[in-house]
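Turn these sequences into a full structure, and let the hints guide you.
Position one of the sequence shown corresponds to residue 207 (our numbering), numbered consecutively onward.
Among the clues, some could well be false.
[What the hints assert, rightly or not] Label-pair distances were calculated between CB atoms; the ranges are: (1) Glu362 x Leu422: 16 to 26 Å; (2) Lys230 x Asn316: 40 to 50 Å; (3) Leu422 x Tyr479: 15 to 25 Å; (4) Lys550 x Glu318: 21 to 31 Å; (5) Leu379 x Gly433: 11 to 21 Å; (6) Ser513 x Val618: 26 to 36 Å; (7) Arg382 x Gly258: 19 to 29 Å; (8) Ala256 x Pro538: 34 to 44 Å.
Hints listed in this document are in silico derivations from the structure and should not be mistaken for laboratory results. Cβ coordinates follow ideal geometry from the N, Cα and C atoms, glycine included.
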Amino acid sequence: MYSVNIERIEKDLYELANFGFNPKDKGIYRQGLTDVDMQARRWVMEQFEANGLKTHMDGVGNVCGRLGDPDKPAIIIASHLDSVPAGGMFDGTLGVMAGLECIRVLREHNIEPKHPIEIIGTSEEEGRFGGMLGAQALSGNLNFQWLESARDPKGEFLKDAMQRCGLDIHDALHCRRDPGSIKAFLELHIEQGPVLEKQQKTIGVVDGISGVFKWLVKLKGKADHAGTAPMDMRSDAFMGVADFAHEINRIIDEEGTDKTRLTIGRVDLKPGYAHTIPGEAHFTLVGRDMSEEVMQQVANSCGKVLSSIARKHKLRFEYEQMSWLEPKYFSPKLVDLIEQQAKKLNYSYIKMPSGAGHDIQFFTDITPTGLIFIPSVGGVSHAPDEWSHWQDVEQGSNLLLATLLDIAQDKVSLNQ
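In structure tokens form, the structure reads like this:
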């Protein structure tokens, strides 16, 4: 059984963490399509080239390193290189550097894979411009209208950020990989949640990614004086939000599953003055589940409950569905292969869904896909204190290597 060299992975991750590291808060500031992001990408390309990979950067900033025949379908190992503001050193980067280490192991042992292997550090996965640019470009999920109009929260246009990085939005539409050019897609990632650590498991064998819907909800009442309006004569929009928040667990119990999530992530009150009863409350509602049918049931229930609460408090209820993304399931044969390899390596594991989105979700409809999780200490991610133990990094990387070798050597058929 072949094994990765954890010291090399550790060294790579620490070196990559220097790009965008802030010594004040210890966070990493490497948002997609910034100068420091491009510096990190060039460094990764140097590592690819030093390890014998044919390397290039595509039209959206994906950095690609390929081992083997350029014309045969490749096994892709990919994750992202960008970070959120004040992010950690494992999110995304683990999957890229572990993939590179797999290549090193193959070369050291003179293993000639029967299929090409390509390591990709994807571009702008964290959604600075509202999408997962690199994965969407590779899978053909981009259109020119979005590329022209997408902006970040500060108002900078995607096309301007790309131009500043030496990229052209027209080239973004030439990044698509033909499905026939991909044999399989693998990703290793930190869990970004507390489940594996709480259950004392080393590995999460991920069977799919939750569907997500996002609503912008508006409850409209009447602003009034906080001192003179009697409590029973108010149309207080915030009371509607508060009542609905208390109903969330009941909605999930009645209509959802153990995989259902409902979150009110932001609330804006108008006029937003201490001595004025809120006349309007605008809030986001995000729902998740692994079943689209359950998502629909939960969404319908939310609508009914909000309508009832609005009547109770003399409010008007409106909502806009901002997005609806269906659940994505990974290839059963590849999920089974990862599970079998975990057993062979004697690693403790559970099968689990991912509540967060990842690059791999854009490839589920075009090629066999498999996602591996390792524990996040304290369930923390997107923060400076994001951490995963090196032993877990090593075991996750070894599982990635074992899975890759079986596919690359045709020891398993992935045909459904």
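Tested hints:
Separated by about 23 Å at the C-beta atoms, Glu362 and Leu422 satisfy the suggested range of 16 to 26 Å. The hinted window of 40 to 50 Å between Lys230 and Asn316 holds, with their beta carbons roughly 47 Å apart. Leu422 and Tyr479 have their C-beta atoms about 22 Å apart, which keeps the hinted 15 to 25 Å range intact. Distance hint check: the CB atoms of Lys550 and Glu318 are about 22 Å apart, consistent with the given range 21 to 31 Å.
At roughly 59 Å, the beta-carbon separation of Leu379 and Gly433 lies outside the given 11 to 21 Å, and the hint is violated. Here the CB-CB span from Ser513 to Val618 is close to 52 Å, at odds with the stated 26 to 36 Å. Separated by about 26 Å at the C-beta atoms, Arg382 and Gly258 satisfy the suggested range of 19 to 29 Å. For the pair Ala256 and Pro538, the beta carbons lie near 37 Å from each other, so the given range of 34 to 44 Å is met.
Violation of the numbered hints given earlier is confined to hints 5, 6; the remaining hints are satisfied by the structure.
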